[in-house]
Structures are given as C-alpha cells and as structure tokens.
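*Asks:* All residue numbers for the sequence shown refer to UniProt numbering, where the first residue is 1 and numbers rise by one.
It is possible that part of the hints are untrue.
As the list claims (entries may be wrong) - Calculated cross-link-like contacts (lysine to any residue; reagent style SDA-like; alpha-carbon spacing at most 25 Å):
hint: 1; residue 1: K81; residue 2: N152
hint: 2; residue 1: K81; residue 2: T94
hint: 3; residue 1: K81; residue 2: T163
hint: 4; residue 1: K90; residue 2: S146
hint: 5; residue 1: K90; residue 2: R144
hint: 6; residue 1: K81; residue 2: G100
hint: 7; residue 1: K81; residue 2: Q207
hint: 8; residue 1: K90; residue 2: P140
What the hints assert, rightly or not - Using C-beta positions, here's what the derived DEER-type ranges look like:
hint: 9; residue 1: S67; residue 2: S146; range: 25 to 31 Å
hint: 10; residue 1: P181; residue 2: D122; range: 21 to 27 Å
hint: 11; residue 1: A125; residue 2: T149; range: 38 to 44 Å
hint: 12; residue 1: P181; residue 2: I217; range: 49 to 55 Å
hint: 13; residue 1: E174; residue 2: V136; range: 21 to 27 Å
hint: 14; residue 1: E70; residue 2: A192; range: 31 to 37 Å
hint: 15; residue 1: V136; residue 2: R72; range: 30 to 36 Å
hint: 16; residue 1: D225; residue 2: S188; range: 34 to 40 Å
hint: 17; residue 1: E139; residue 2: D86; range: 32 to 38 Å
hint: 18; residue 1: T163; residue 2: G68; range: 44 to 50 Å
hint: 19; residue 1: G218; residue 2: R144; range: 20 to 26 Å
These are calculated hints, taken from the structure and not from any lab test.
The beta-carbon is built from N, C-alpha and C at its ideal position, and this holds for glycine as well.
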Amino acid sequence: MGPAKTRGRLPGRSAHRPAPQRVRPLRLRPRALVSVAVGVVLVAGILVMPRLLGTAPDEPAAAAGSSGTEERIAELRQQEKERDADLTRKLVTTAEQARGQIAPVLAELDHATGSEGSHSGDPAADVARWRQAVRVAAEPLEERPSAGTEVNLARAGLAGAVTATERAVEVYAESLEAEGPAAERLRSLAGAVRGDATAAWSVAATQLDVAGVAAGIGHVHVFLDGSDPHGG
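Using the sequences provided together with the hints, build the complete structure.
*Replies:* This is how it looks when you write it as structure tokens:
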C-alpha cells in the first residue's frame, strides 16, 4: 500500500488546490424578467411620449417656430391695414365723384316730384341727363376689390344709394308716360324712392367715415349738402 497522504487523490491534481466548481449560467426568474421589461417600457415612454404629444418642454426649435408664427401674423395684419387704408382713400375719391353726379339729380327730382311738378321745358331731356349721370356714378362702384369689413360695407352702401337714385329716375320717367291719377301716383312714388336714395347715401357716407377712422386716415366727409352730421 502506498503512503497515506496520496489516498483518495485524483491523478495529476495538486493536493493543495480545491477542485474547480462548474459555473452555472445566470438565469432570471420569470417575475424578474417581467419587472425588467416593465422598467424599460416606462423609461421609453417617459422619453418618447412628450415628443409624440408635442409637449416636450423648453425645446429651442419649438420656441423659435412659435416666435416665427407670431411675427408672420403681425406682418399679415400690417399688410391688411395698409391695404384697407389704400382702398379707403380710393373709395373716398370715388364717392366724391359719385356725389358730384347724383347730388344734382336728387335735388332736381325733389323739385320735379313736388306738388307742382317739374318746371323744366323738356322733362324727357331731364330724364336722359339724369340717366347719364347715374351711369357715370355707378360704373366705378361696380368694382369690388377684396378689403376689410368697414370698406366693403361703405362701398356696398354707396352702390345701393346710386341704384336707388336710378330707380327713382325710372319711376319718374314712367310717370311722364302715364296720365291722370296714375301719373300722380307714379310721381309721388318717384319722390318716395328719391327720399330712400338720399337716406341710403347718408348711411353709406357714415360708414365710409367709420372706415376712414379704422384705416387710420381720419374722418372723411362725402355727405350730401345739409346731411353731414359733423356740419361739413
């Protein structure tokens, strides 16, 4: 029998070195795996969701975009204001020209539809002259450029007043073709429509005055004689 110290040893292995243990791979329990997965999802959601929802705080790009939008809006508003001011000035000139055409027509119609009727030697010639004046006044107002509410209302009101003047002229022309009571009724109706035209022009002139103030050019006065509320 051999020495006692070598009993039980494996051949080729040192007597002072412990036998190496087999390394087992790390295995996570199912619950641990679930916890890790949940954690990853939560972190990803915290990082990604603000961007998806557009609520990421303090992003320089978003701040720059907002500032650019506000500047663009301010620029467009300034352009609209300048456009309306220009169109209002042009409409004032058009209104003054139209007033020069229809004011004599309205004044003569007032006389012709009175209780004594027209003293003109040729009423038919008067009608022809009035029709020409109304056409000249109406033509520039047929253009309807895009503008703000104040300018659009003033233009529409002026055009309506000219149209009412034209109708008063036509009703009076029909009265010249009628006889007896029918002629009297038509002449009276022409006078009433003439009154409507005068009132319509007054309203439109007031609206144009409002448009002038809104556009920054101040008060404008295109009222008929004796109808200016400012005494002009």
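*Asks:* Taking 49 to 55 Å as the stated bounds, is the beta-carbon spacing between P181 and I217 within them?
*Replies:* For I217 against P181, whose Cβ atoms are near 51 Å apart, the range 49 to 55 Å holds.
*Asks:* Hint says 32 to 38 Å; check whether the CB-CB distance for E139 and D86 agrees.
*Replies:* Given range 32 to 38 Å: violated, Cβ gap about 20 Å.
*Asks:* Evaluate the given range 25 to 31 Å for the C-beta pair formed by S67 and S146.
*Replies:* holds, 29 Å
*Asks:* Next pair to validate is K81 with G100; report whether the Cα-Cα distance is within 25 Å.
*Replies:* violated, 29 Å
*Asks:* Take a quick look at whether K81 and T94 sit within 25 Å of each other, Cα to Cα.
*Replies:* With Cα atoms ~20 Å apart, K81 and T94 stay inside 25 Å; holds.
*Asks:* For the hint 30 to 36 Å, verify it against the beta carbon of V136 and that of R72.
*Replies:* violated, 43 Å
*Asks:* Hinted pair, alpha-carbon criterion (25 Å max): K81, T163. Please report holds or violated.
*Replies:* Judged against 25 Å, a Cα distance of about 29 Å means the pair is violated.
*Asks:* Mind checking the hinted window 31 to 37 Å against the Cβ distance between E70 and A192?
*Replies:* violated, 54 Å
*Asks:* Against the range 44 to 50 Å, how does the distance between the Cβ atoms of T163 and G68 compare: consistent or not?
*Replies:* holds, 47 Å
*Asks:* If I claimed the Cβ atoms of G218 and R144 lie 20 to 26 Å apart, would that claim hold in this structure?
*Replies:* Holds - the Cβ-Cβ distance for G218 and R144, about 25 Å, lies within 20 to 26 Å.
*Asks:* Quickly compare the C-alpha distance for K90 and R144 to 25 Å and report which way the hint goes.
*Replies:* holds, 12 Å
*Asks:* Has the hinted range 34 to 40 Å been met by the Cβ atoms of D225 and S188?
*Replies:* violated, 24 Å
In summary, the numbered hints that this structure violates are 3, 6, 14, 15, 16, 17.
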